[in-house]
Every structure is written in structure tokens, then in C-alpha cells.
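**Q** The primary structure of each chain is shown beneath.
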Amino acid sequence: MNPVELAIAAFITAAVGALGGLGGAILLVPVLVLSGLSAREAAPLGLISVAAGSLAAAPHQLRAHLVNHRLGVSTEIISSVAALIGALASGIIGQSALAIMLGVVALVAAFFGARRKGLRNLPDPLLTLGDIGEHSGSLSGVYQLDQHEFVEYRARRVPLGLVGMASAGLIAGLSGVSGGFIKTPTTSEIMHVPVKVAAATTTFTVGITSAMALLVYEAQGRIVVSDAALVAASALIGGTFGSRLQSVLPPPTVRRALSAVLVVIGLLLIVRNR
Amino acid sequence: MIPSMARLAGVMQVALVAAFVLGLGGAFLPGSVGRASGILCIGVLIAAPILRVAWLSASWTRAGDRRFAFLGGALLGVLAVGAVLAFVT
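Chains A and B supply the protein sequences, listed in that same order.
Anchor point for the first sequence: position 192 equals 192 in the working numbering, and the numbering is continuous, going up by one each time.
Anchor point for the second sequence: position 37 equals 1037 in the working numbering, and the numbering is continuous, going up by one each time.
Hints are not guaranteed to be accurate.
[As the list claims (entries may be wrong)] According to the in silico footprint, chain A covers these stretches of chain B (three or more CB under 8 Å from chain A):
{"id": "1", "stretch": "1009-1021"}
{"id": "2", "stretch": "1024-1031"}
{"id": "3", "stretch": "1034-1045"}
{"id": "4", "stretch": "1065-1079"}
[To be verified] Ranges between beta-carbon positions, derived for each pair:
{"id": "5", "chain 1": "A", "residue 1": "272", "chain 2": "B", "residue 2": "1031", "range": "34 to 44 Å"}
{"id": "6", "chain 1": "A", "residue 1": "221", "chain 2": "B", "residue 2": "1051", "range": "19 to 29 Å"}
{"id": "7", "chain 1": "B", "residue 1": "1077", "chain 2": "A", "residue 2": "126", "range": "35 to 45 Å"}
{"id": "8", "chain 1": "A", "residue 1": "159", "chain 2": "B", "residue 2": "1030", "range": "52 to 62 Å"}
{"id": "9", "chain 1": "A", "residue 1": "256", "chain 2": "B", "residue 2": "1061", "range": "33 to 43 Å"}
{"id": "10", "chain 1": "A", "residue 1": "1", "chain 2": "B", "residue 2": "1043", "range": "36 to 46 Å"}
{"id": "11", "chain 1": "B", "residue 1": "1084", "chain 2": "A", "residue 2": "36", "range": "29 to 39 Å"}
Hints are computed from structural coordinates only; laboratory data are not their basis.
Beta carbons are placed, not taken as given, at the ideal position from N, Cα and C, and that holds for glycine.
Input sequences plus hints: build the corresponding full structure.
**A** What follows is the structure in C-alpha cells.
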């Protein structure tokens, strides 16, 4: 893959990753491997894309109060611990079996995301612009649906959600991809957090996971600096674009786009590892 | 917007611009200057989310939201242990 193709791939995957709260690695790594790069070389570039996409989305998502940081921090603890356990146990499960399992999980998540119609959390006419943001001391908040509509939400079924987050962390540790494609559907469909907040919160947490993994790759000397810098610069633009697009699209459209991307990911993983 | 969050958004904006400029330098500048620029770009990408969690923990501590301040500190602890374990193993 030449530098121009690498830059374009990093831009597109980071934009889609920020739009759907998936992290770009789950898309970029298969593309790089299909283009001839080894999985060992592609994984660090995938994580650079995730970290850059997360940083690119941060200023806009912070100003729009889209991220529920309390939810992100609470779930990331169990997810990080599970990722560590997964990384330490990564030799036990065969990579092909794991990839097929990931593909099935992605397809199931896509099905549940696409099946649901309309909005779960409806606008409250009593809420105003001054109410938006996360609530102190709880896993709840208010987000802006459109110019004059505001929606209150509260994370539900938290223990079950934490099981989902632990699974995402475990799979991330085992496979080396970001668990965003499990975290966003878990937050949205199990914990009943609006999809835009779920995607933005996952974009925040995958940045934390990728930072830790990048430290490891740097220590192992696995990062090709010039390629990583090119991917970072492209993914920073892509992530900024994706996060702005996420703000203007209606939630059902974001959910359908997320489902479509998950189907592509699922099929790619299953077909490549049969 | 809560003042602390506005400042954090500003800090992330600065980190974003710095990472982008350093990334361009790493991709297109030749020799050791380009390499240093690329390494600094990766450093910013690693430091930004850790700084964000530390900032949030401090902000929650100041606001008296002790439970989540503790959780933020615990997450930083998990990250530190993870990094040490990764380097050791």
C-alpha cells in the first residue's frame, strides 16, 4: 500500500470509527492485511488510528456534552482488567476461532441495532439547554437531540452491561483489536443509553485502551514511525469529520449506519478466517 | 458548559493540533527531525487520554463527587499496573 492509499484508508476508517463509536482499528487492520501487510505490522497502525480518532473527536464531543465520562470511567476499569487478562491468556485460543467468534458477535450486535425502530429515550419538553451534560454522582444525564429537544437518560441493567464490557475487554486483549464494536451496542442496547452518547462514550474509552496498548507496542519496537505519523495525521482529520457528522445525523440513522458497518466487519472476519 | 469541561476541551484541542502538526512532520520531514516529530506525535496520542482521565478525577474530587473520583483514580491505577506488566512480561 503506497502512502496516499494508507492516508485515505486511515481517514475513512477513523471517520466511520468516530461516527459509530467503533474505533477505526476493526476496519483499518483488515484493510491493511488485505493489502499485504502482516497482522503484526498492521495492529499498531490500527491502534494509532483508534487513538487519533478518539483525540480528534474529543474537543467537539466535550463541547456538545455527548460523552458520559462517569459511565466511561466506570466501565473502562472492568474492561481494562479483562483486557489485561485476555492479553496474558492470548496464547490459549486459536486466532481463527477467535476471529470467527468476533464476526458472529458483530453480526448479532448489528441485528439488534437495526431491528429497533424510533427513539427509546423520548424528549422532555421541560428540559432546556442548561440541563445538558452528565449528572454528578450517577450514571445519567441529558443530551441534545436537536436544536430544541433534550433527552434525559439513565444507564440501566448496569451489572449486565459490565459483563458486556468485560467481554469487550477480554476480546480486545485476546485479539489486539479495539472492543468498540462490542462496547457501543452493549451501552446502547443493553444499558439503554442513547446511541449518540454510547458512541461518544466508547470513542473516549477506546482511546484509553489504545494508549496502553501503544505503550506496549512502542516498547516492543513494533511501530514504524513514518507510517504511524501518516496514519495519525489522516485519522485526526477523519475522526474530526466523523464526530461532526455524528452530531448532525438523527440517532436512527447513526444506528443503521452502525449496523451496516458491523455487518461488513462481521462478514469480513468470518470469511477471512473460515 | 462547566468551566472545567470547557478547559479540558481546550486542552484536547491543543493536543489535537499538536498531534496533527507533529504527525505531518513525522510523515514528510526527512531524517532524525522527521523521526523525532513522529515519536512526539505518538507520545501526544498516548498522553492525551491519560491526561483526560486524570483531569476528570481531579475535577470530580473538587466537585465532591468522591465515588467517581475514586473510580477515576482506580482506572489510572489499572493503566499503570497494565503498563508495568506489559513492559515486564
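**Q** If a hint holds in the structure, say so; if it does not, say that too.
**A** Hint by hint, here is what the structure shows:
| no. | hint | result |
| --- | --- | --- |
| 1 | 1009-1021 | holds (count 8) |
| 2 | 1024-1031 | holds (count 4) |
| 3 | 1034-1045 | holds (count 9) |
| 4 | 1065-1079 | holds (count 9) |
| 5 | A/272 - B/1031: 34 to 44 Å | holds (38 Å) |
| 6 | A/221 - B/1051: 19 to 29 Å | holds (25 Å) |
| 7 | B/1077 - A/126: 35 to 45 Å | holds (40 Å) |
| 8 | A/159 - B/1030: 52 to 62 Å | holds (54 Å) |
| 9 | A/256 - B/1061: 33 to 43 Å | holds (40 Å) |
| 10 | A/1 - B/1043: 36 to 46 Å | violated (25 Å) |
| 11 | B/1084 - A/36: 29 to 39 Å | holds (35 Å) |
In the structure shown, a violation is registered for the earlier hint numbered 10 alone.
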